[in-house]
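J.: The chain contents come next:
Protein chains: 2
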Amino acid sequence: MIAMLLRFVTTLGLLAVLGVVGFFLDTMLLNVFILLVSALGVFEVMRATGLSARRDLTLLALTGAMVIPLVGFSALATPMIYLIVFSYFLLLVKKYGKLRLIDCAMALLFGTVIPLSFACAIFLRDTHGAQAGGFYILLALTAAWASDTGAYFAGRFLGKHKLAPVVSPKKTIEGAVGGVAVCTGMMIWIGVGYQNMFGGQVNMIELAIIAPILSVIGMFGDLSASAIKREYGVKDFGNIMPGHGGVLDRFDSVLFTLPAVYLISTHLPLIVT
Amino acid sequence: MIAMLLRFVTTLGLLAVLGVVGFFLDTMLLNVFILLVSALGVFEVMRATGLSARRDLTLLALTGAMVIPLVGFSALATPMIYLIVFSYFLLLVKKYGKLRLIDCAMALLFGTVIPLSFACAIFLRDTHGAQAGGFYILLALTAAWASDTGAYFAGRFLGKHKLAPVVSPKKTIEGAVGGVAVCTGMMIWIGVGYQNMFGGQVNMIELAIIAPILSVIGMFGDLSASAIKREYGVKDFGNIMPGHGGVLDRFDSVLFTLPAVYLISTHLPLIVT
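Protein chains in written order, with our numbering: chain Z, 30 to 302; chain D, 30 to 302.
If you're looking for bench data, these hints aren't it; they were derived computationally from the structure. Predicted model only: the values in this text are computed from it and were never measured. Just to be clear, a hint being listed does not mean it is correct.
[To be verified] Using 20 Å as the maximum straight-line C-alpha spacing, the simulated EDC-like pairs for lysine to aspartate or glutamate come out as follows:
1. Z:Lys124 x Z:Asp85
2. D:Lys127 x D:Asp155
3. D:Lys124 x Z:Glu203
4. D:Lys199 x D:Asp155
5. Z:Lys123 x Z:Asp85
6. D:Lys123 x Z:Glu260
7. D:Lys124 x D:Asp155
8. D:Lys189 x D:Glu203
9. Z:Lys199 x Z:Asp155
10. Z:Lys127 x Z:Asp85
11. Z:Lys124 x D:Glu203
12. D:Lys189 x D:Asp265
13. Z:Lys123 x D:Glu260
14. Z:Lys189 x Z:Glu203
15. Z:Lys199 x Z:Glu260
16. D:Lys191 x D:Glu203
17. D:Lys127 x Z:Glu260
18. Z:Lys127 x D:Glu260
[What the hints assert, rightly or not] One side only, chain D facing chain Z, incomplete, derived with CB under 7 Å:
19. Phe118
20. Leu121
21. Tyr125
22. Leu130
23. Ala134
24. Leu138
25. Val195
26. Val196
27. Ile257
28. Pro288
[As the list claims (entries may be wrong)] Covered by chain D, according to a simulated footprint, are these stretches of chain Z (three or more residues, beta-carbon under 8 Å):
29. 104–115
30. 124–132
31. 173–186
32. 192–199
33. 255–269
34. 285–292
Note that CB positions come from ideal geometry on N, CA and C, so glycine has one too.
Isolated chain Z (complex conformation) (with noise of 0.2 Å):
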């Protein structure tokens, strides 16, 4: 009872937080937010592989962490990825004979792919502008999120067979399906909330089709973390959002969803105007 109220209460300050920045998502403010949630990110894979022992590697990845959100789409980012790469080689040469090559390669892994797949947040307001941009993160959290929650309640009451037994023995596929109807009507409400507060044209046919595809994704970033805590026999990343966990036990589907909205967003446009 208290662990639910607990997780509540930090839900709320989750939501809080991110009224905050969504208010100000035209600001610098969006690239600070990304920039802890990846160095976050980052340090608690690092420690929960076992990676953050070494000083040197944490340090490089953190870099990484931090600089690619703040140099997001400007003439910098691809330079400043050449150079974090580049790094981890120097690293490697001036540390030969201390340092794997494998520890490299994870740290070099995480470094960038956490960071810049959270960055697509960046991408989003920066391509399409703050309106436009923080409807579609709102659908990269509403895919993750209203999935989970959906999936949550429906397996609770009707869940009988097991999804992903060895992975994530709580998942049941009827849970499933009821995450992904929750997050398919979640997502047309916010599509139809779109048109009716700024009045743009929001192409509802594609957004039913792609809404329980990326609840899909959403749930494979779950398991796919699922995956990984349990290879390193750790129940959580962290407990930075007490009754979460850490800040990849709550993130870990929009790590999935992000990147593909923002596909979805350059090639496929959900917005006509």
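Position chain D relative to chain Z; hints supplied.
T.: Same frame as chain Z, now just chain D:
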């Protein structure tokens, strides 16, 4: 003696192939060539690190190595890269308990970084056209190979002080200086030649400044490859080019100079027209 001759003949063969690719630079031949070099390179490093024992990862990495040069700069590029990264996580979840995250990380790293680096030759052509693009590609190859050759001869006759005794015991500081000098001279000569042949204006001062930097980057690429080979106890990455070794033994420096030249071409263009 026979080894020297073999090496010389292979060099001629490689130059002939590059000549043909250069002549048809404006066609898909470049993409196909980069596809082959990427696939071979990815396979070689996976074999050297023992990863090629995993059929699934090898298949996935080779797919990436072939898809990335094919899509090049087209609208398909980012969705394809997303799909490739996504596929690794699909495999990780599907083969849970039988596939380690570190193996996935290594395969994903090699299977994207190597083709993306090589694909910079395609990006150079698609951004600047065959003429200026060809000039930039030639600079990247020169930075890699003129440095290497210059360092070999300068080191042989003047070499006294070791450069990196642990990682690559044969390299000397005198050799490195000679390599940088030869590379800088060659690149300036290419710049003058380009001006005379095509009438384009090349910023010679900038060229003289970046030539030694690119030369050092190329040598560092060589050192990085040596560090990886030593860690895994292999002498060469392969033997497809008798006397030189594998594709990666010959193109290791190019992997570092090509992206550097691409970034220079987009941020500080050498050709003023």
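J.: Now tell me, hint by hint, if it's right for this structure.
T.: These are the hints, each one checked on the structure:
no., hint, verdict
1, Z:Lys124 x Z:Asp85, "holds, 10 Å"
2, D:Lys127 x D:Asp155, "violated, 42 Å"
3, D:Lys124 x Z:Glu203, "violated, 23 Å"
4, D:Lys199 x D:Asp155, "violated, 39 Å"
5, Z:Lys123 x Z:Asp85, "holds, 11 Å"
6, D:Lys123 x Z:Glu260, "holds, 13 Å"
7, D:Lys124 x D:Asp155, "violated, 39 Å"
8, D:Lys189 x D:Glu203, "holds, 7 Å"
9, Z:Lys199 x Z:Asp155, "violated, 39 Å"
10, Z:Lys127 x Z:Asp85, "holds, 11 Å"
11, Z:Lys124 x D:Glu203, "violated, 23 Å"
12, D:Lys189 x D:Asp265, "violated, 25 Å"
13, Z:Lys123 x D:Glu260, "holds, 13 Å"
14, Z:Lys189 x Z:Glu203, "holds, 7 Å"
15, Z:Lys199 x Z:Glu260, "holds, 17 Å"
16, D:Lys191 x D:Glu203, "holds, 9 Å"
17, D:Lys127 x Z:Glu260, "holds, 10 Å"
18, Z:Lys127 x D:Glu260, "holds, 10 Å"
19, Phe118, "holds, 4 Å"
20, Leu121, "holds, 6 Å"
21, Tyr125, "holds, 5 Å"
22, Leu130, "holds, 6 Å"
23, Ala134, "holds, 5 Å"
24, Leu138, "holds, 5 Å"
25, Val195, "holds, 6 Å"
26, Val196, "holds, 5 Å"
27, Ile257, "holds, 6 Å"
28, Pro288, "holds, 6 Å"
29, 104–115, "holds (count 6)"
30, 124–132, "holds (count 5)"
31, 173–186, "violated (count 0)"
32, 192–199, "holds (count 3)"
33, 255–269, "holds (count 5)"
34, 285–292, "holds (count 4)"
Violation of the numbered hints given earlier is confined to hints 2, 3, 4, 7, 9, 11, 12, 31; the remaining hints are satisfied by the structure.
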